[in-house]
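Trainee: From just these sequences and the hints, can you work out the full model?
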Amino acid sequence: MSKVIEVTDQTFKEEVLESDLPTEIDFWAPWCGPCRVVSPIYDRLSAEYEGIFKFCKLDVDKNPNTVAKYHIMSIPMQMFFYSGEKVDEILGAVPESTILAMVENMIKRFPVDEIGKLKTILSSWVEINRNYSNKFNKWANGVNNLESNLTYNNIYQTVKDVNNSSNKLSRALLELDGNK
Amino acid sequence: MSYDIVIIGGGPAGLTSGLYSTRSGLKSMLVEQGTFGGQILNTRLIENYPGFPEGISGAELGEFMYRQAIKYNLETRLADIVQLDKEENYKVSTSEGNIQTKAVIIATGSNYRKLNIPGEKRLSGYGVSYCATCDGFFFRDRIVAVVGGGDTAITDAMELSQHASRVYVIHRRDQLRAGKVLQQQAFNRPKLEFIWDTIVDEVIGENKVEELALSNVKTGQKSKLKIDGVFVAVGLIPNSQAFLNILELDKDGYIITDENMATSAPGIFAAGDIRRHSPRQIASAVGDGVAAAMSAFRYIQQQNN
Numbered sequence: 001m002s003k004v005i006e007v008t009d010q011t012f013k014e015e016v017l018e019s020d021l022p023t024e025i026d027f028w029a030p031w032c033g034p035c036r037v038v039s040p041i042y043d044r045l046s047a048e049y050e051g052i053f054k055f056c057k058l059d060v061d062k063n064p065n066t067v068a069k070y071h072i073m074s075i076p077m078q079m080f081f082y083s084g085e086k087v088d089e090i091l092g093a094v095p096e097s098t099i100l101a102m103v104e105n106m107i108k109r110f111p112v113d114e115i116g117k118l119k120t121i122l123s124s125w126v127e128i129n130r131n132y133s134n135k136f137n138k139w140a141n142g143v144n145n146l147e148s149n150l151t152y153n154n155i156y157q158t159v160k161d162v163n164n165s166s167n168k169l170s171r172a173l174l175e176l177d178g179n180k
Numbered sequence: 181m182s183y184d185i186v187i188i189g190g191g192p193a194g195l196t197s198g199l200y201s202t203r204s205g206l207k208s209m210l211v212e213q214g215t216f217g218g219q220i221l222n223t224r225l226i227e228n229y230p231g232f233p234e235g236i237s238g239a240e241l242g243e244f245m246y247r248q249a250i251k252y253n254l255e256t257r258l259a260d261i262v263q264l265d266k267e268e269n270y271k272v273s274t275s276e277g278n279i280q281t282k283a284v285i286i287a288t289g290s291n292y293r294k295l296n297i298p299g300e301k302r303l304s305g306y307g308v309s310y311c312a313t314c315d316g317f318f319f320r321d322r323i324v325a326v327v328g329g330g331d332t333a334i335t336d337a338m339e340l341s342q343h344a345s346r347v348y349v350i351h352r353r354d355q356l357r358a359g360k361v362l363q364q365q366a367f368n369r370p371k372l373e374f375i376w377d378t379i380v381d382e383v384i385g386e387n388k389v390e391e392l393a394l395s396n397v398k399t400g401q402k403s404k405l406k407i408d409g410v411f412v413a414v415g416l417i418p419n420s421q422a423f424l425n426i427l428e429l430d431k432d433g434y435i436i437t438d439e440n441m442a443t444s445a446p447g448i449f450a451a452g453d454i455r456r457h458s459p460r461q462i463a464s465a466v467g468d469g470v471a472a473a474m475s476a477f478r479y480i481q482q483q484n485n
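Taken in sequence, the protein lines are chains S and X.
Under our numbering, residue 180 is the last one in the first sequence; the count climbs by one each step, no gaps.
Under our numbering, residue 485 is the last one in the second sequence; the count climbs by one each step, no gaps.
Because the hints were derived from the structure by calculation, they are not lab data.
Fair warning: this is a prediction, and the values are worked out from it, not measured in the lab.
Hints may be right or wrong, so weigh each one.
Here are the simulated lysine-lysine pairs, PhoX-like style, with alpha carbons at most 25 Å apart [claimed, not checked]:
id, chain 1, residue 1, chain 2, residue 2
1, S, K13, S, K168
2, X, K301, S, K69
3, X, K360, X, K388
4, S, K69, X, K406
5, S, K69, S, K86
6, S, K3, S, K119
7, X, K266, X, K282
8, S, K13, X, K388
9, S, K86, S, K168
10, S, K117, S, K168
11, S, K62, X, K388
12, X, K388, X, K371
13, X, K406, X, K301
14, S, K86, X, K388
15, X, K294, X, K406
16, S, K13, S, K62
17, S, K62, S, K3
18, X, K388, S, K69
19, S, K62, S, K119
20, S, K86, X, K301
Mentor: Okay, structure coming up:
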């Protein structure tokens, strides 16, 4: 499943420039043929490198400010950032091996501290739990009279435990932020 | 690894050869250096490929061709081709290792010819472009130049005039090579301005294209032209460098074949834009791909007997 983050003019600073991880951003447009060839590669890599490397994309049709700021005049253009600075780029559609080499090279050049990696893993974990907890609640609100059933009762209890644990993780994350 | 057939190039010709060779039962490998689909990926809407009355985007057609080609056990590899040698059968040397094969189909097509002037490479992607359809969007209300005088240059200039505020066409002669109808249309476009007898010496700019340094070839006069983008449309170069040692090429570097796609070396076939006198159409490339695969099949059968 793709973990590529759709970035806009509004979120570019937060997602790319202030990212804790080395980050790639793919400048693309719906009308760009070669963009369609590279985007599945990023979808795949984003899942594989979750918590280690961040993949973003930006629709050039909708975000003129970022496009102007980085002088984007040809797409697909893929830029690589670390700690608020552009450190490398790939112009055009290239094979997966080229992209992979660049990502591996970035990871070597800009090692992320262990706390940074841990934070990324924990925050996506907490978010997944929150999503599923919401889904469960939605489902549970729609059904009646299941509390008397022992199996369902067990499930309700387990969900409650998971939610509690997830809240603990959230608090731990805040503490990690404080320690940094 | 040893194969019956190695196809070099993953555009329409190569993908079609792959489809036919796997369906005829040959153990086949397709080697591509960039992205499957080839040059057609850069075309927004293809309106002259039969079977799609409303047109089809190049990306979609490329994807369809690729999916169909790999349906019957076509093996694929992403690698640069280094050289082709006669050795037992043939040895294809690639950046990812060597491959032994009985027959080869070359479908490597062509690439944009570059000007090879200072600043061109450094500012590629920052105002230097080879594809008006791809990058014209970024030059809305800007000033651009097109270098060249053929059909592609003029078509590019017309397309760019829909976005840009002004389009200069810089040509080294005093008249265009483009077709007469196209020329007439171009001369009637108020946004187009022609700079004759002129070549570009340098692309100037720090982070993006800002100026061109020009020379008039008749008077020798030098000048500067302020622009935001330059589109280079000075033709194509066939991707045949890896085969110089083994095949007969014409003076422009295209591979010479007979009507069965056979080249000067037995067992090596060529298909698509890389062939001399190719009409350079998707439909003709597909046809070449079929013919080359069938010829290769017959060749391998004869070898086996």
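Trainee: All hints, please: hold or fail.
Mentor: Status of each hint after checking the structure:
1. S/K13 <-> S/K168: 29 Å, violated
2. X/K301 <-> S/K69: It holds: about 21 Å lies between the C-alpha atoms, which stays within 25 Å.
3. X/K360 <-> X/K388: 35 Å, violated
4. S/K69 <-> X/K406: 20 Å, holds
5. S/K69 <-> S/K86: Holds - the C-alpha atoms of S/K86 and S/K69 are around 12 Å apart, at most 25 Å.
6. S/K3 <-> S/K119: 16 Å, holds
7. X/K266 <-> X/K282: Status holds; Cα separation ~10 Å.
8. S/K13 <-> X/K388: 22 Å, holds
9. S/K86 <-> S/K168: Since the Cα atoms of S/K86 and S/K168 sit roughly 36 Å apart, the hinted pair is violated (cutoff 25 Å).
10. S/K117 <-> S/K168: OK: S/K117 and S/K168 at ~18 Å, within 25 Å.
11. S/K62 <-> X/K388: 22 Å, holds
12. X/K388 <-> X/K371: Status holds; Cα separation ~23 Å.
13. X/K406 <-> X/K301: Holds: X/K406 and X/K301 sit about 19 Å apart, inside 25 Å.
14. S/K86 <-> X/K388: The given pair, whose Cα atoms are some 16 Å apart, holds under the 25 Å limit.
15. X/K294 <-> X/K406: Status holds; Cα separation ~21 Å.
16. S/K13 <-> S/K62: 16 Å, holds
17. S/K62 <-> S/K3: 21 Å, holds
18. X/K388 <-> S/K69: Measuring from Cα to Cα gives roughly 11 Å; hence the hint holds.
19. S/K62 <-> S/K119: Given pair S/K62, S/K119 is violated - Cα atoms ~31 Å apart, limit 25 Å.
20. S/K86 <-> X/K301: Given that 25 Å is the threshold and the Cα spacing comes to 19 Å, the pair holds.
The structure shown violates the earlier hints numbered 1, 3, 9, 19.
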